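Visitor: The listed protein sequences derive, respectively, from chains A and B.
Residue numbering for the first sequence follows our numbering, starting at 1 and increasing by one per position.
Residue numbering for the second sequence follows our numbering, starting at 1001 and increasing by one per position.
No lab work stands behind these hints, which were simulated from the structure alone.
Since the model is a prediction, treat every value here as computed from it, not as a measurement.
There may be inaccurate statements among the hints.
[Claimed, not checked] Derived BS3-like pairs: lysine-lysine, alpha-carbon spacing no greater than 25 Å straight-line: (1) A:158 - A:128; (2) B:1055 - A:128; (3) A:141 - B:1104; (4) A:141 - B:1003; (5) A:21 - B:1110; (6) A:103 - B:1082; (7) A:21 - B:1082; (8) A:158 - B:1055; (9) A:21 - B:1105; (10) A:141 - B:1105; (11) A:158 - B:1062; (12) A:103 - A:158; (13) B:1055 - A:119; (14) B:1062 - B:1003; (15) A:21 - B:1062; (16) A:103 - B:1081; (17) B:1003 - A:128; (18) A:141 - A:21; (19) B:1055 - B:1003; (20) B:1110 - A:141; (21) A:21 - B:1055; (22) B:1003 - A:158.
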Amino acid sequence: MAYIHYIDRTHEYYRSQGYEKTYNYAHNEDIPFTPLARPLSECRVTLVTTASFLLLDEEGRPLEALKMLGTNEMEVFTAPSDWPADRIVSTSEDHDRYQTDMKDVNAFFPITRLQEILKEGVFGSLSKNFYRTLPNYSHRKTTEVDGPEILRQCLEDKVDVALLTPV
Amino acid sequence: MEKGGLSTVTFTNARDIAAHAGNPRQIFLNYPLGNPAGRPHDVENQREVLRAGLKLLEDADKAGIIVDLPHVWSESNLWMKKFMTDEQPFLSEEGEARRQERLKKAREQKARQSQHPFPIVP
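Chain B on its own, in the form it takes in the complex (with noise of 0.2 Å):
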């Protein structure tokens, strides 16, 4: 979207990931998945974060930078450790089961477009 002309700002809860992807500008809100934009029902909070985006906005002035919002999640980090373990799983049974159904008809898809010679139109 930044090569089409628009100028972005990303917000981010996992910073490797979006510092290996490389996004032009970047808010990084160290809090666990699904809170990029702040912590739920926490207005103040969400308003800053926004502000955060906006200000780097106006402020870089090369790509690639990455803003390190200091907002901490909790007190205790053994969210960080516990997250994606066997003690807890990431999808619970009903997702993982729904996970593999998509999973499924993806490889079906593919299979049967690779039996077309030509590239079918969407």
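Chain A with its partners taken away, still in its complex shape (with noise of 0.2 Å):
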């Protein structure tokens, strides 16, 4: 199968652009594995994603300010699991924008398919939230603050399985 290869190809395009650095891309050695405590019809479950975007209110106005990324500041957002897609608006500029818009929030975020499943009982629950942190460069920052904080708030909502769509 064919497929683009975005480590070299983001490699070559920044060196084009004059950006002599190159970005590591993040590498596990050991892979941790937790095998499903329970079956799948039992399990609570979340979804995580990098996608930015804001939620809106009843009116169309958006609930907070869009922030920026790149500070040290603890970047996790959460989403209600039953809020509504068309209230949800992507401000993400991480996509191939020739190819795709992001107006169908559920091809990188989906809300509402997760809402379907669970009516059908695929599932035993949805998280309270789900979850969106930005898509920061820095390793340090995802491992030690964004990535803690979106497992504890799952810890305390007793969350089993993590959908994550990152963007």
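With the hints in hand, could you dock these two chains into one complex?
Guide: Right, dumping it as structure tokens:
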């Protein structure tokens, strides 16, 4: 199957733009593995993404201002798992804009699909909130600040399964 | 998150980045970036992608499995060749300006912090 080799492609692209330093993509030697603790039909499921989006109120106004990445503040944002997809608007720029827009939120943050699948009884419940964290390029920030915070909230909410949709 | 006790599945459009990262369970969907969970406006397709992820969750017996979904974005593979090239720059001019602004802020913050002898507690 032909597919894009993004690591090489991004290195070549940014080098051609005059950036000498290449980005060091994350790599884990030891991959952890937690087997499902119970049947899927009894599991609580959450969704975590790095897509940027805003939640809108019933008048179509953003609930909060868009935050920029690149700071050391914790960058974990929540969306209630029963939020309607037509009140979510993408502000992402990490996509192939010549092929796709981000107008269908479910293509990268499948909140409606999960709400539907829940009704079908495939899993036990959804977590109270779904999560997004900014695609911060700092490994340290992700592994020491944002990731642990998402984990902490998930453990508090007794989440069993996390579906991740990086963008 | 897996180390913390959750079972996870990652849905990706970037097979090599995900394979390099080493995630416990991965679903690769060979679509342009921005569509890890399926084709926009195609409910059945999105359900298939999610179902594949849930099946992997149930079936995987070890870490590092990548399932390559058979779905094809378009008849032509030109989109793969053109992505992130001079012909199709990744960011628009405004997008690039925003990116530079963010990098500048990050550098300034880093410079401020290196002037402090003690770590700043968030």
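Visitor: State for each hint whether it applies.
Guide: Evaluation of the provided hints:
1. A:158 - A:128: Holds, because 10 Å separates the two Cα atoms, which is no more than 25 Å.
2. B:1055 - A:128: Holds: residue 1055 of chain B and residue 128 of chain A sit about 23 Å apart, inside 25 Å.
3. A:141 - B:1104: Holds: residue 141 of chain A and residue 1104 of chain B sit about 18 Å apart, inside 25 Å.
4. A:141 - B:1003: holds, 17 Å
5. A:21 - B:1110: This hinted pair holds, its Cα atoms lying about 17 Å apart.
6. A:103 - B:1082: holds, 22 Å
7. A:21 - B:1082: Answer holds: residue 21 of chain A to residue 1082 of chain B is near 23 Å, not above 25 Å.
8. A:158 - B:1055: holds, 21 Å
9. A:21 - B:1105: holds, 18 Å
10. A:141 - B:1105: At roughly 16 Å apart (the allowed maximum being 25 Å), residue 1105 of chain B and residue 141 of chain A satisfy the hint.
11. A:158 - B:1062: holds, 23 Å
12. A:103 - A:158: Violated: residue 103 of chain A and residue 158 of chain A sit about 32 Å apart, past 25 Å.
13. B:1055 - A:119: Cα-Cα ~18 Å, so holds.
14. B:1062 - B:1003: Answer holds: residue 1062 of chain B to residue 1003 of chain B is near 14 Å, not above 25 Å.
15. A:21 - B:1062: violated, 35 Å
16. A:103 - B:1081: Within the cut-off at roughly 24 Å; holds.
17. B:1003 - A:128: holds, 21 Å
18. A:141 - A:21: holds, 19 Å
19. B:1055 - B:1003: Between residue 1055 of chain B and residue 1003 of chain B the Cα gap is close to 21 Å, so the pair holds against 25 Å.
20. B:1110 - A:141: holds, 13 Å
21. A:21 - B:1055: violated, 40 Å
22. B:1003 - A:158: With Cα atoms ~15 Å apart, residue 1003 of chain B and residue 158 of chain A stay inside 25 Å; holds.
Taken one by one, the earlier hints fail for this structure at numbers 12, 15, 21, listed in ascending order.
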